[in-house]
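Peer 1: Letter by letter, the chains look like this.
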Amino acid sequence: MRGITRRRAGFVAAIGAATLVLTACAGNDAGGGEAAAPELKLSDEPVTLSFTWWGNDTRHAATEEIIAAFEAEYPNITIEPQYTDWAGYWDKLSTSVAAGDIPDIIQMDEKQLSTYAANGVLADLGELSSILSTEDFPEAVLGTGALDGTQYGVPVGINSYTIIANKDLLDQYGVDLPDDETWTWDDFVATAEEVATASGGAIVGTQSWGFEDGGLNNWLRQHGESLYDGAEVAASEETLAGWWEFLLEATEAGATPDPAATIERESGGLAESFTATNASAFGPWWSNQVQALRDASGQDLVALRVPSTADGSAYYKPSMFWSASAKTEHQAEVATFLDFLANSEEAADLLLAERGVPANEKIREYITPKLDEVNQTVVEFLDGLAPEVGDAPPATPPGGGAIETIIDQHTQKVLFGELTPEQAATSFIEELQRALDDAAI
Amino acid sequence: MSALGELRSLKGAAAPKQRKQNKAAFLFLLPWFVGLALITVGPMVASFALSFTRYNLLSPPRFNGVENYIRMLEDERLHKALVVTFQYVLVSVPLQLGLALVLALVLDRGLRGLALYRSAFYLPSLLGASVAIAILWRQLFGVDGLINIALGWFGIEGQGWISNPETALGTLMILNVWTFGAPMVIFLAGLRQIPVMYYEAASVDGANRMQQFRHITLPMLTPIIFFNLILQLIGAFQSFTQAFVVSGGTGGPVDSTLFYTLYLYQQGFANLNMGYASAMAWLLLVIIAALTAINFWASKYWVFYDDQD
Chain A
1 MRGITRRRAG
11 FVAAIGAATL
21 VLTACAGNDA
31 GGGEAAAPEL
41 KLSDEPVTLS
51 FTWWGNDTRH
61 AATEEIIAAF
71 EAEYPNITIE
81 PQYTDWAGYW
91 DKLSTSVAAG
101 DIPDIIQMDE
111 KQLSTYAANG
121 VLADLGELSS
131 ILSTEDFPEA
141 VLGTGALDGT
151 QYGVPVGINS
161 YTIIANKDLL
171 DQYGVDLPDD
181 ETWTWDDFVA
191 TAEEVATASG
201 GAIVGTQSWG
211 FEDGGLNNWL
221 RQHGESLYDG
231 AEVAASEETL
241 AGWWEFLLEA
251 TEAGATPDPA
261 ATIERESGGL
271 AESFTATNAS
281 AFGPWWSNQV
291 QALRDASGQD
301 LVALRVPSTA
311 DGSAYYKPSM
321 FWSASAKTEH
331 QAEVATFLDF
341 LANSEEAADL
351 LLAERGVPAN
361 EKIREYITPK
371 LDEVNQTVVE
381 FLDGLAPEVG
391 DAPPATPPGG
401 GAIETIIDQH
411 TQKVLFGELT
421 PEQAATSFIE
431 ELQRALDDAA
441 I
Chain B
1 MSALGELRSL
11 KGAAAPKQRK
21 QNKAAFLFLL
31 PWFVGLALIT
41 VGPMVASFAL
51 SFTRYNLLSP
61 PRFNGVENYI
71 RMLEDERLHK
81 ALVVTFQYVL
91 VSVPLQLGLA
101 LVLALVLDRG
111 LRGLALYRSA
121 FYLPSLLGAS
131 VAIAILWRQL
141 FGVDGLINIA
151 LGWFGIEGQG
161 WISNPETALG
171 TLMILNVWTF
181 GAPMVIFLAG
191 LRQIPVMYYE
201 AASVDGANRM
211 QQFRHITLPM
221 LTPIIFFNLI
231 LQLIGAFQSF
241 TQAFVVSGGT
251 GGPVDSTLFY
261 TLYLYQQGFA
271 NLNMGYASAM
281 AWLLLVIIAA
291 LTAINFWASK
301 YWVFYDDQD
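Sequences listed follow chains A and B, in order.
Counting from 1, one number per residue, gives the positions in the first sequence under full-length UniProt numbering.
Counting from 1, one number per residue, gives the positions in the second sequence under full-length UniProt numbering.
Hints were generated in silico from the structure; no laboratory data involved.
Positions of the beta carbon are idealized from the N, C-alpha and C atoms, including for glycine.
Hints should not be assumed to be uniformly reliable.
[As the list claims (entries may be wrong)] Over the 12 Å line for every Cβ pair with chain A, so calculated as not near, a few chain B residues: (1) Trp161; (2) Ile174; (3) Leu272.
[What the hints assert, rightly or not] Each computed SDA-like pair below joins lysine to any residue, with the alpha-carbon atoms no more than 25 Å apart: (4) A:Lys111 / B:Gly248; (5) A:Lys92 / B:Gln87; (6) A:Lys92 / A:Ala395.
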């Protein structure tokens, strides 16, 4: 690998581009390169790359097939899969990094991207651009994987926060599907309450919210705020308190289940959720979860716009990114595999929309007719949202991954009356800011 | 002779023949000592060093003095975790030992099929800290769980025991009490060691069963009780899996099952504050060591060694 780069550097020098030689040499130290990317060349020797991702069984099976297809095309490259579920993923990844054993290819999440990038774990993908192309990605979406102008992740799929409605349950209890282009938060709670009452308590109106940051981001945007500004928590106490206040009101009105039931379902994951078990008419989810939810529920689930999105508060969130280790010894092979994942029709055929509707526009067009009905409606939903979509919220700063625990813990305290929404807001900002400060380099 | 009594007599030994035997014993223990040094002592020393640093796992640690220790003073969640853990230990360990002792006494009366009962009761001790059992616990104590179904037969309306902050910790205490098999087996062995002649002499003197228990069994068993107490106390302070699985890793609802080790894990792996987590581990070590020391000191007043001279 090193020898090849030298040979190549000599070739570039021969054509007289002295500056390019310098950058090519710089490109030899991991993470040091900028400007023009070095020309990468595949090794003649067999190469083994480690590839880590989180997911469920469906994803594991699809990804293994992609690996097999890739290895068939590049017999010299072996991909060693390391997969787990979401909960264990970050423990394992951080420990591997601490042990100096970073996987070559890493599936990354928006909440962790900046943390890993700031600590020098992730490669500057610009250096791989001679093999890894990103030209079919819309600028705005690609930008979500860049920090201070350096590309650390290629967005895989796009998502939007939605309200999932169970049409079968609505029909059963004689409630009309609300018009999601005009509905307000009050309409949402009123409809949920109507279903709950009509069912005589057999089902709940809507699942509670407040256990992850998607709903909060949406709410903040509707109030002209964002969660972060640089490495500072920018959300105001009033708006945060209003969010929890609204949840409390919905709970008191009987639109959402009682706190204990919510907590029990919450710790059981997607499969035990109200939505997946047809025990709720509505539920807030990410659009790429529709498939898994429908598989579990077997009923007609549709994605609706979050209430009051007409004001541009909706946004596309990358479901995840492809990143590479800054310490990899096989840049060319890593780039080749990333390119296969991000740009090839073969990979798309196998993956379909499992990691979200592809962020790569060409691939998205190619794959849409091949998707099943459910995922086609998700694509339609995301396309229909386009006029209402604003810029992605400011990137999560290093340390922001801690929000998962913090948000969950505060919502629980509000639901069980241990903190008022105002107290929760103050404490939430304090704890989140502390997590950001802890992570500051 | 009791296990602890044996240890004591070993200490006094010094004859040359015995020294030779000791050498052999140490040789046999060597693999274990190597393991202890590499797997336990090494990481402990490292964690002590890390407790004076800021370490996020991704970048090398940076020295920050006693900042982590000062932070523990004002960390409200840490204080909550201490309260939860102490409640758990102080309630479940005595109950567990009490149950173990009662069942050991019952089994010791020469039941038919003793081996079978002993195995059956011991089984939960092997399984108690496992993920499978924690999942089973979720099923048992859930809103639609077996407990509520059983209560329903008596017309009692149940609740979500693991999702209610008032009862969640209680379900974990029951789980710990349920793993009484290990101390029970040790109690059984202890009961077998009490010389029959004491009971014979007592019955000649007209002592009834209760008096025999009070004046022979209990005093003769105190070293075993002490041994079990220390062991279970240390084990209970380090409980992790049960709370992790039952609460989905959150320590919820509302931090009511936030075991100390669970919070330590959250700090280390979710918040990437490994330096702080290391400091927390050392605080736990100090707490356990202090409690153990107090117990050893207090044992002078209630533990009876038959072979004392």
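Peer 1: Indicate, hint by hint, whether the structure satisfies it.
Peer 2: Quick rundown of the hints versus the structure:
no.: 1; hint: Trp161; result: 9 Å, violated
no.: 2; hint: Ile174; result: 17 Å, holds
no.: 3; hint: Leu272; result: 6 Å, violated
no.: 4; hint: A:Lys111 / B:Gly248; result: 20 Å, holds
no.: 5; hint: A:Lys92 / B:Gln87; result: 32 Å, violated
no.: 6; hint: A:Lys92 / A:Ala395; result: 24 Å, holds
Violation of the numbered hints given earlier is confined to hints 1, 3, 5; the remaining hints are satisfied by the structure.
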